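Peer 1: Assemble the complex: chain A is given as a structure, and chain B must be docked to it using the hints.
Listed in order, the protein sequences are those of chains A and B.
Position in the first sequence (first residue = 1) + 146 = the numbering used here.
Position in the second sequence (first residue = 1) + 18 = the numbering used here.
Hints were generated in silico from the structure; no laboratory data involved.
Note that the structure is predicted; figures quoted are calculated from it, not measured.
Incorrect hints may appear among the rest.
Unchecked claim - Taking lysine-lysine and the DSS-like style, the derived pairs with C-alpha atoms no more than 27 Å apart in a straight line are:
| hint | chain 1 | residue 1 | chain 2 | residue 2 |
| --- | --- | --- | --- | --- |
| 1 | A | LYS305 | A | LYS157 |
| 2 | A | LYS234 | B | LYS113 |
| 3 | A | LYS234 | B | LYS299 |
| 4 | B | LYS102 | A | LYS255 |
| 5 | B | LYS113 | B | LYS222 |
| 6 | A | LYS283 | A | LYS302 |
| 7 | A | LYS270 | A | LYS283 |
| 8 | A | LYS255 | A | LYS156 |
| 9 | A | LYS255 | B | LYS113 |
| 10 | B | LYS79 | B | LYS299 |
| 11 | B | LYS113 | A | LYS316 |
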Amino acid sequence: MRYAMAIDTKKCVGCSDCVVACQTENDVPIGYCRDWIVEVTDGTYPQLETEIRSERCNQCDNSPCVRCCPTGASHYSEGGIVLVTPEKCIGCAACIQSCPYDARYTHPKGYVDKCTFCIHRVKKGMEPSCVAVCPTKCMYFGDLDDPNSAVSKVLKTRKYKVLAPEAGTKPNVYYLI
Amino acid sequence: MREEIIISGRMNLGVDPVLHAWGWEISVYLFLGGLAAGLLFFAGAYYLLGKGDNYPAAVKKAPVLVPIFLVLGLAALFLDLHHKPYFWRLYTNIKFQSPMSWGAWTLMIITPLSMVWAALHIREWFPKWDWKFQWIRDLEDFFSEYKKHMAWAMVLLGVILGIYTGILLSAFNARPLWNTSILGPLFLASGLSAGSALILLLSKNERERIIFTRIDLILIGIELFLIIHMLMGFQASTQAQIDASHIFLGGDLTAPFWIFVVVLGMLVPAALEVMELRHIKVPVIIPVILVLLGSFMLRWLICNAGQLSRYLY
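One chain only, chain A, in its complex shape (with noise of 0.2 Å):
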């Protein structure tokens, strides 16, 4: 099992109905995110391209954040998902250092914290509640290894690329293009 995401930056408005549907159902503290709006303008006048993003830590295959945790509190959780036990993590921000995307802040209860691919509704058959609510259905998630996963069907048919792909860490967040 490997579960991933797929965000169709041609559907993305920016809206941030993620950004705060992910605050809600993780009571993420009040001026943290765990998932962000970005917004680039490329090119030259006339000429401009905007891309609009929903980011959030990319749940690596070669996490730097796991590796260089020096308690194991950062560790991968089943179907590859990268999750902080907060009971071992004693607030070092190794991570926070290590991480490219910056996906992690130290929460104000002392521990390090990041988006969790809502685990605890995924277990449960649902959706993670960014994918949930977006209005333009522009996320998808699901099982890389199932073939019929939403993830997977969407990433068959679409150009893609991930983030930051030159600092080796094999993100699972996929962005259409």
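Peer 2: Frame of chain A; chain B shown alone:
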């Protein structure tokens, strides 16, 4: 003109607008740890070479200060932790892929070791020192038998302590400025240089002073070579590292780096040390303070510059 405008909705404390996960605590620890490593290395090495009486400041006097440096450094590290009640989790496992894990274990061994070595030489500072309890005197006698073993451990663990801080940073490939294997040797050389400078300050022995002035000069030379080598390596690397090196080559931290680390921390003390060797009297405190300041600034600037360098926006 081609332009790229990036707007991010993320504003997490300590992460945005620029990463600031590590503050002064880490720089202070990196400096004190490096200094302690340098002092322990010289103490162990010259003891093993049988120079304990020739170089008393290096073998007996300076190492008494090491536990103070290590305890202060560890206190800084502890202050930096955000989930403090769980710090003991560091010692429930060993993770070989995590430099921080083996650093924690090295400190676990080297701190008590340095305390024993300091206790054995406490009379260098307080000649009338007497332990209050007989069992401590017995322990002193016991450990005196094993000084050679302890010296070997100090040399090996000193090198590990000195080099791991650099490896710790260089293992973060998310921060292109840190992601160079030069950082380990550079921090080791800088820690040894800081150690030799402090020995120079404490030494009253002409021969010892000359030796440690020469050692420091060689170490400064090595440091300069490693810094130039590192910056040239960045220039020949990926765009992320070329951009990262610009922090020191025209960017935000250029002036403090070249002024405090290279000129005041290396070139000026080296010049003063050469003068000293040529019998031109220079108050020894000046080069020593400059070397220590340069050693701290190197860590402080690299610690901050690394957090300014990144792959994405």
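Peer 1: Now, for every hint given, state plainly whether the structure supports it.
Peer 2: So, going through the hints one by one against the coordinates:
For the given pair, LYS305 (chain A) sits about 14 Å from LYS157 (chain A) by alpha-carbon distance, which is consistent with the 27 Å threshold. Between LYS234 (chain A) and LYS113 (chain B) the CA atoms are separated by roughly 14 Å; this keeps the pair inside 27 Å, and the hint holds. At roughly 56 Å between alpha-carbon atoms, LYS234 (chain A) and LYS299 (chain B) are farther apart than 27 Å, so this suggested pair is violated. With a C-alpha separation of about 10 Å, the suggested pair LYS102 (chain B) and LYS255 (chain A) falls inside the 27 Å cut-off, and the hint holds.
With a C-alpha separation of about 44 Å, the suggested pair LYS113 (chain B) and LYS222 (chain B) falls outside the 27 Å cut-off, and the hint is violated. A distance of roughly 18 Å separates the Cα atoms of LYS283 (chain A) and LYS302 (chain A); the hinted pair therefore holds under the 27 Å criterion. Distance check on the hinted pair: LYS270 (chain A) and LYS283 (chain A) sit about 21 Å apart at the alpha-carbon level, within 27 Å; holds. Taking the CA atoms of LYS255 (chain A) and LYS156 (chain A), the gap is about 38 Å. The hint is violated against a cut of 27 Å.
The suggested pairing of LYS255 (chain A) with LYS113 (chain B) holds, with an alpha-carbon distance near 25 Å, which does not exceed 27 Å. The suggested pairing of LYS79 (chain B) with LYS299 (chain B) holds, with an alpha-carbon distance near 24 Å, which does not exceed 27 Å. A hinted pair counts as satisfied when its Cα atoms are at most 27 Å apart, and LYS113 (chain B) with LYS316 (chain A) qualifies at roughly 22 Å.
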